[in-house]
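Asker: Protein chains in written order, with our numbering: chain Y, 31 to 452; chain B, 2 to 332.
These are calculated hints, taken from the structure and not from any lab test.
Computed footprint of chain B on chain Y; a stretch qualifies when at least three of its residues, placed anywhere within it, have a C-beta under 8 angstroms from a C-beta of chain B:
1) 281-289
2) 322-336
3) 354-368
The beta-carbon is built from N, C-alpha and C at its ideal position, and this holds for glycine as well.
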Amino acid sequence: MRIQSLNRRSLLKAAATGVVASNMSALDVLSQPALANELAREGKSVILLWLAGGASQLETWDPKPGRRTGGPYAKIKTKVPGIEISELLPKMANQLDETAIIRSLNTKIADHGQAYTLMDIGRIPEPGVHFPHLGSIIAHELGQIDSQVPDFVYMYTQTEGRRQDSAGYLGARYNPMFLTDKMMPDDLHRLDAISDVDHHDRSALRDFMAKRFIRDLNNPSIGSHENAYSRVQGLMASDYLFDIGREPQAMRDHYGPTQFGQQCLAARRLVEAGVPFVKVARAWWDSHGQNFETHRELCADLDHCMSALLEDLKQRGLLSKTLVITLGEFGRTPQINGSLGRDHFASAWSCTLSGCGIRGGTVYGKTDDDGHTVVDGEMKAGDLFATIFAALGIEHDKEHMLGSRPIPLSDFGSKPCREVLA
Amino acid sequence: MNAKNLKRIDEWTSQDILFCIAQDCVNSRLWVGSSDFKIYEVDLSKEKPTRIEFQGQHQSYVTGMVRVGQMLVTSSYDRHLQWWDIVERKLIRTVRAHEGWIRRVIESADSKQVISIGDDMQCKVWDAESGSAVASFSDHQSLTPHHFPSMLYAVAASADGKWIATGDKVGHVALWDAHRFEKVGELETPVMYTWDAKARMHSIGGIRSLAFSPDSERLAVGGTGKIGNIDHLEGPARLEVFNRASGQRELELEDKNKKGLIEQIVWSPDQQWIVTAGGDNNGFITIYDAKSGELQHQEGQNGHIHGIACDETFANIFAASHERISRWTLA
Chain Y
31 MRIQSLNRRS
41 LLKAAATGVV
51 ASNMSALDVL
61 SQPALANELA
71 REGKSVILLW
81 LAGGASQLET
91 WDPKPGRRTG
101 GPYAKIKTKV
111 PGIEISELLP
121 KMANQLDETA
131 IIRSLNTKIA
141 DHGQAYTLMD
151 IGRIPEPGVH
161 FPHLGSIIAH
171 ELGQIDSQVP
181 DFVYMYTQTE
191 GRRQDSAGYL
201 GARYNPMFLT
211 DKMMPDDLHR
221 LDAISDVDHH
231 DRSALRDFMA
241 KRFIRDLNNP
251 SIGSHENAYS
261 RVQGLMASDY
271 LFDIGREPQA
281 MRDHYGPTQF
291 GQQCLAARRL
301 VEAGVPFVKV
311 ARAWWDSHGQ
321 NFETHRELCA
331 DLDHCMSALL
341 EDLKQRGLLS
351 KTLVITLGEF
361 GRTPQINGSL
371 GRDHFASAWS
381 CTLSGCGIRG
391 GTVYGKTDDD
401 GHTVVDGEMK
411 AGDLFATIFA
421 ALGIEHDKEH
431 MLGSRPIPLS
441 DFGSKPCREV
451 LA
Chain B
2 MNAKNLKRID
12 EWTSQDILFC
22 IAQDCVNSRL
32 WVGSSDFKIY
42 EVDLSKEKPT
52 RIEFQGQHQS
62 YVTGMVRVGQ
72 MLVTSSYDRH
82 LQWWDIVERK
92 LIRTVRAHEG
102 WIRRVIESAD
112 SKQVISIGDD
122 MQCKVWDAES
132 GSAVASFSDH
142 QSLTPHHFPS
152 MLYAVAASAD
162 GKWIATGDKV
172 GHVALWDAHR
182 FEKVGELETP
192 VMYTWDAKAR
202 MHSIGGIRSL
212 AFSPDSERLA
222 VGGTGKIGNI
232 DHLEGPARLE
242 VFNRASGQRE
252 LELEDKNKKG
262 LIEQIVWSPD
272 QQWIVTAGGD
282 NNGFITIYDA
292 KSGELQHQEG
302 QNGHIHGIAC
312 DETFANIFAA
322 SHERISRWTL
332 A
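Turn these sequences into a full structure, and let the hints guide you.
Answerer: Right, dumping it as structure tokens:
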């Protein structure tokens with residue numbers, strides 16, 4: 031199937047080089063809404079902290095202490111007057127001015143696989159249409175065609191619940207660079223048998239011959255081939271981005287010793303270098319037994335790593351351009367089972383959005399006193415996607431044409447939640 | 002008594018989770034600590050026992066309870082110990098005792114002190130009457146080897162008044178001189194701790210119960226064995242028994258029939274049996290021969306058992322459980 035949409039990159043390039051209108055001043059460019067939006071999106075990135083298995087909203091962002099469903103943890107005040115979160119997140123309590131909490135997700139599906147797909151693509155899957163992952167859409171929208179860095183990096187080290195996200199109809203160009211066992215991508219280094227000099231000489235020779243070939247053949251598909259080649263070269267040269275050993279020890283200490291911390295640091299390095307979408311999965315929150323012990327462990331990791339990431343991004347001036355999301359496939363039941371566990375629950379759960387385009391220090395939506403249902407501001411997966419797109423300056427209702435069928439970026443009927451947008 | 006006589010004879014259901022229990026069978030009374038943060042007296046003399054609420058409450062789950070004379074001392078995840086008058090059912094005193102969840106409170110052999118443990122990894126000794134602090138000590142790391150918070154789950158005091166034992170999440174047991182509060186030994190039970198480095202990257206388990214034998218010569222350690230899928234309490238209930246003086250492991254028992262955690266261990270007064278209680282989603286009581294380790298008898302129930310209390314004759318066992326209190330007999 032052929033996908034047609036306005037190619038914003040070519041438009042931007044043309045605008046920047048004066049091809050669109052030779053007399054267009056910079057002010058004129060910005061006065062054109064489409065172009066102004068394009069420029070506004072430049073340099074924006076997303077870091078998705080994927081809480082795989084389903085973190086409990088009651089032990090994180092929507093505590094209900096004192097209720098039968100509330101569990102043992104207290105709630106604590108945050109930096110933002112009137113907003114309280116679980117005592118398991120004390121460091122995030124001090125950074126909540128950069129974060130919007132959404133407490134009213136109602137996505138209904140409480141099966142791991144189906145719920146993962148829903149929160150992966152933002153809509154119910156349909157036979158015959160291979161919808162792209164959120165990261166692929168954002169990579170497509172924010173990535174640069176001639177980028178020397180990956181567009182979508184996805185780290186999922188644990189094995190439980192691991193799935194490879196797909197770019198679907200957007201094509202393999204927007205599939206994630208998928209890192210599982212190691213933080214360094216496989217097959218990125220030149221072969222040991224080839225010296226650095228040989229590698230560069232070969233590349234120069236290939237470039238020389240390719241230019242003559244392109245000039246003589248005058249075929250557009252050759253340009254695509256050329257792009258792919260330069261992209262591979264760029265990826266090979268970007269291996270240093272994954273090497274957190276290049277960071278000062280103080281910065282590594284800032285993120286802490288856990289694997290999740292190290293991956294959050296790598297994520298920061300990647301977005302700093304221009305990678306538009308990085309997903310860091312932290313499995314596994316599926317606490318059917320011993321929910322409170324599990325959350326005491328995992329929330330300590332989340333609290334430290336997320337707050338370290340936000341602080342680091344802010345100090346580097348990157349937070350205003352980087353949207354940090356915490357999300358999983360669902361939340362956990364208000365009822366506490368016989369093993370002191372909580373089971374799958376998708377009717378009233380929480381996520382957070384921090385940084386780029388977000389009105390920090392806000393809470394959107396409300397659940398009832400025991401957390402069984404959403405009583406205000408119900409949000410579906412499509413609405414969350416629309417909100418994420420809006421925060422990044424991407425039109426959520428922009429359509430891809432799949433043959434003759436228009437497909438909006440976020441699901442039909444979805445709307446951004448303006449209350450959490452800056 | 003015959004272990005095979007063990008059977009459940011009563012069950013009183015509720016909507017809360019009961020974590021701890023103390024008994025006064027002479028006067029047909031029980032006390033329980035609840036997930037609703039409150040303390041209740043249960044009058045067993047009535048055909049349908051009713052729960053009578055104490056005045057006052059904790060601010061989180063009530064995790065431990067010990068009767069000292071006419072007082073109850075309770076512990077909570079709210080980091081406080083509370084002293085209660087059991088006649089008036091009134092709160093006498095609240096003490097901020099730990100900088101972390103308090104997991105359990107017990108009494109010393111002479112009942113003059115109470116001993117608490119918490120997730121600040123401290124074991125603390127208190128004057129039972131005045132509530133004043135006597136000592137604080139620890140041999141337990143606050144982080145696991147994998148850099149996550151550890152927990153101090155279990156404590157026991159020996160009947161001869163000489164020893165205290167504390168046990169943590171990673172399977173480390175410290176033995177203490179109960180008068181000088183100095184460490185005199187340590188034991189390791191690493192199987193109790195499951196770290197899943199590959200699939201889920203977190204842990205489960207830990208030492209959940211400790212009990213000295215009546216002659217104070219042996220120490221029983223309870224928890225769970227290795228768990229494959231740590232989403233659930235699906236590991237075998239695990240009991241290890243050590244010689245206190247030598248540190249030698251004498252028994253190492255795993256029960257694949259009744260899975261989950263051993264939450265409490267009680268030795269029979271004649272040292273013939275070791276009674277264990279706990280569970281996964283449901284509960285069990287299991288009786289082992291204390292010498293051979295042979296499983297004598299076990300029974301299950303709906304609802305995980307968090308704590309048990311035996312009467313002086315060892316004929317009645319009361320269990321604080323998930324949404325119920327149950328009464329068992331060995332008579």
